[in-house]
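**Student:** Just so you know, the protein sequences line up as chains A and B, in that order.
Counting along the first sequence from 1, when you hit position 68 you're at 68 in the working numbering, and nothing is skipped either side.
Counting along the second sequence from 1, when you hit position 294 you're at 294 in the working numbering, and nothing is skipped either side.
I should point out that these hints are in silico values taken from the structure, not numbers from a laboratory.
Mixed in with the good hints there might be a few duds.
[What the hints assert, rightly or not] With a Cα cut of at most 20 angstroms, we get these calculated EDC-like pairs of lysine to aspartate or glutamate:
1. A:Lys189 with B:Asp380
2. A:Lys104 with B:Asp363
3. A:Lys92 with B:Asp350
4. B:Lys201 with B:Glu236
5. B:Lys360 with A:Glu150
6. B:Lys386 with A:Glu88
7. A:Lys211 with B:Glu368
8. B:Lys360 with A:Asp207
9. A:Lys211 with B:Asp381
10. A:Lys211 with B:Asp380
11. A:Lys204 with B:Glu470
12. B:Lys366 with A:Glu110
13. A:Lys180 with B:Asp363
14. B:Lys360 with A:Glu158
15. B:Lys366 with A:Glu89
16. B:Lys360 with A:Glu181
17. A:Lys104 with B:Glu377
18. B:Lys375 with A:Asp207
19. A:Lys211 with B:Glu377
20. A:Lys211 with B:Asp363
21. A:Lys211 with B:Asp364
22. A:Lys203 with B:Glu236
23. A:Lys203 with B:Glu425
[Unchecked claim] To spell it out: a stretch of chain B is covered by chain A in this simulated footprint if at least three of its residues, at any positions, have a beta carbon under 8 angstroms from a beta carbon of chain A; those stretches are:
24. 64 to 78
25. 343 to 355
26. 372 to 384
[Claimed, not checked] One-sided excerpt, in silico: chain B residues whose CB lies under 8 angstroms from chain A:
27. Ser220
28. Thr222
29. Arg223
30. Pro497
This one's a predicted model, so the numbers in the text were calculated from it and none came from an experiment.
Note that the Cβ used here is the ideal one computed from N, Cα and C, for glycine as well.
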Amino acid sequence: MKEDETILVIDDEKQIRRLLEITLTANGYKVILSANGKEGLVDAATQHPSLILLDLGLPDTDGQEILKKLRDWFYKPVIILSVRDSEEEIIKALDNGANDFLTKPFRTGELLARIRVALRSGNDTPNTSEMTFGSLTIDLVSHVARKNNEILKLTATEFSLLLLLAKNSGRVLTHQYILKEVWGYGYIKQTQYLRVFVAQLRKKIEDNPSKPGLLITESGIGYRFGD
Amino acid sequence: MKRYFGPIKKQHTTHYILSSVIVAVTSLLCAPLANTQNYHVVSFILLFVVSILATFMGTGPVLLASTLSAIFWNFFFIPPHYTFHIEKTEDILIFGLFFIIALVNGVLTTRVRKQKKLVRDRERRTNALFQLTKELSKASGIDEVLTVAIREIKNNFQVDSFFILQNGENILNDTGRLQKEKKLLLAERHVAEWVFNHAQKAGAFTPNTMGLDFTIFPLSGTRISPGVVAVKLNNEFAEDQKSYWDTFLVQISNALEREFLGEMAQRVRFLDESDRLYKTLFNSISHELRIPVATIMGASDSMLNSENSENMQQALSNEIFTASLRLNRLIENLLNISRLESGHISARLDWYDINDLVNKAADDLKEELKPFTLKIEVQDDMPLVKTDFGLIEQVLYNLLINSTQYAPPASEIILSVGYSSGTMELEVTDNGPGFPENELKNVFKKFFRVDGSKTGGLGLGLSIAKGFVEAHGGSIAIENRQSGGARFTIRIPTETPDIKNLQEQEQ
């Protein structure tokens, strides 16, 4: 399956491009490299990549603008590479349609995991009636979650929160997005709702709620659900 | 003498008329005595009237009154009446004495009065100057000195004043410290500069009017000229007022000079300090950079150039990885300290679960914490707190990494979190050697390193932690524990959410 996955890297730093090329090629992906935004847009249109790694700090155009232009016609996953301490930038990029983000410097293992998650969610939408994460199973038909085969007593809000996170497992979801999806538009500033429910949910689904392994916090940005 | 006769012309004519009238009326009232032998009494009455007049009139009217009374007495009372002729020799003598006594009496009285007024004026001015000096010495900073100066000038001279000061490099800087309401025209600025450069007054009531309707005076301190002051005068200063004004300006100039010199000294101190910091920074940065770079170079070089076993390759890669983590941490610290220095740090508060924060910091330091036992104690009913996740995470990270650098291997590091009455309390405790008691106060200073400390680092971590805590309006403290080791305590005021609402929401 991997042989036909082509990844387009848009980054102005030669050394980062080279590192990504080596790592990605070694892991079986085809790699196209673009050094700036304009080239990147052309490559994205002509080379049909399965995924784009986009650096936000490009010299010629703002990475956010490239992302918006891409999102007019490019529906496959885009992962943002950005420098640390730019939570606002990351949130903006996620709002602009990026699937995920990585902060430089990143570990290549982390990068490959994110790429796998993004490609998987881009390819197949889960068509099963049940999702399993370790000892946790979510029954989509009867709207029930089980932990070690025991039915969890979840409130309606807790369950919709769990469902939203599970359906997007592996992907980072911003606070605002979760609040909008679970509570509605009027609540996107009410982060304390989210915190309280995340804490409650963790107590029910995590093996060790004080060291969560499923519902992971992405500091300053949102949450990621993973197995 | 000039002093007494100088102001005569300025006396009101009404005083002259009044004194003449009073002398005339008195003479008229004494008319019944004209034909008696008691006409000498009239001279005493007239002398008395002249003395009375002298207590409230100027020298001129008093002189007029004495002359007139002498003439009237002679003309109407000394026989033969209605002539200036005096028959008796004793009357000539008395008339002469009368004239002299009237003159001396009148003049002396006015003189005493005048002197009294002078003393009063002088006292008032001395008091005003004393007040000015007191206020000026209390004022700190150029702006306060200016406020005092403008107010006191207004109180004592009833004029508005505008100060234009130099910029510290002997250039008159009319935009910086000129009071807002007054903008100088180009021509006025030229005059102000002329005054500043020549240390001579110019404008209205001076030899160099330069077409201005106000007057610009130079301010000269003993060592530097702080600038100039412009005032709009209605009249030229009187002689005695002029010296009063000059003394006033000297006091103000000295106060301004004091502030200028203070500012300059501070600037020099600041430059010295930043020069020292700059050197320390570069020395330690180059040292701190060189070690991981050397590790990376060495390790990758041997990976490239020699046959290594797989184990060896693995070990070398590990070294490279550790070195790059260290480099990354250094860069983070430098970025953070420069954010703090530039004042760009402001806490972006949002609701957070403190468990998340603590876990994140512990997770980021997984490798470093491996040799230790990290004990995390979070209060059971810990509420959500409003805080800046990134900043507090960095604070905990820096405190934990500090502990890992000093605590003995396999010892316990405790991170505990609690909340009571509006304050979140975070504590990091280790079993290391603690800090030397006399160094405790320096622990949070930039680039501070405990003497002989074995580990690397720039000495920035704890000062960053302090800066970030303070950005939350909180405080950080360090103490050595009785049982050994150091304890950092952070207290941050924070809100907690109204959970009731949420539960209602759920039903």
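**Student:** Decide, hint by hint, whether the structure agrees.
**Tutor:** Against the structure, the hints come out as follows:
1. A:Lys189 with B:Asp380: violated (27 angstroms)
2. A:Lys104 with B:Asp363: holds (18 angstroms)
3. A:Lys92 with B:Asp350: holds (18 angstroms)
4. B:Lys201 with B:Glu236: Holds, because 13 angstroms separates the two Cα atoms, which is no more than 20 angstroms.
5. B:Lys360 with A:Glu150: Given that 20 angstroms is the threshold and the Cα spacing comes to 30 angstroms, the pair is violated.
6. B:Lys386 with A:Glu88: holds (18 angstroms)
7. A:Lys211 with B:Glu368: holds (18 angstroms)
8. B:Lys360 with A:Asp207: Satisfied, since the Cα-Cα distance of roughly 17 angstroms is no more than 20 angstroms.
9. A:Lys211 with B:Asp381: Cα-Cα ~17 angstroms, so holds.
10. A:Lys211 with B:Asp380: holds (15 angstroms)
11. A:Lys204 with B:Glu470: The given pair, whose Cα atoms are some 36 angstroms apart, is violated under the 20 angstroms limit.
12. B:Lys366 with A:Glu110: holds (16 angstroms)
13. A:Lys180 with B:Asp363: Outside the cut-off at roughly 29 angstroms; violated.
14. B:Lys360 with A:Glu158: violated (23 angstroms)
15. B:Lys366 with A:Glu89: violated (27 angstroms)
16. B:Lys360 with A:Glu181: violated (26 angstroms)
17. A:Lys104 with B:Glu377: violated (32 angstroms)
18. B:Lys375 with A:Asp207: holds (18 angstroms)
19. A:Lys211 with B:Glu377: holds (12 angstroms)
20. A:Lys211 with B:Asp363: Status holds; Cα separation ~10 angstroms.
21. A:Lys211 with B:Asp364: holds (13 angstroms)
22. A:Lys203 with B:Glu236: violated (88 angstroms)
23. A:Lys203 with B:Glu425: violated (24 angstroms)
24. 64 to 78: Coverage by chain A is violated here, the residue count being 0 at a Cβ distance below 8 angstroms.
25. 343 to 355: holds (count 5)
26. 372 to 384: Contact hint for the region 372 to 384 of chain B vs chain A: holds, 3 residues under 8 angstroms.
27. Ser220: violated (53 angstroms)
28. Thr222: Status violated, d = 52 angstroms.
29. Arg223: violated (48 angstroms)
30. Pro497: holds (4 angstroms)
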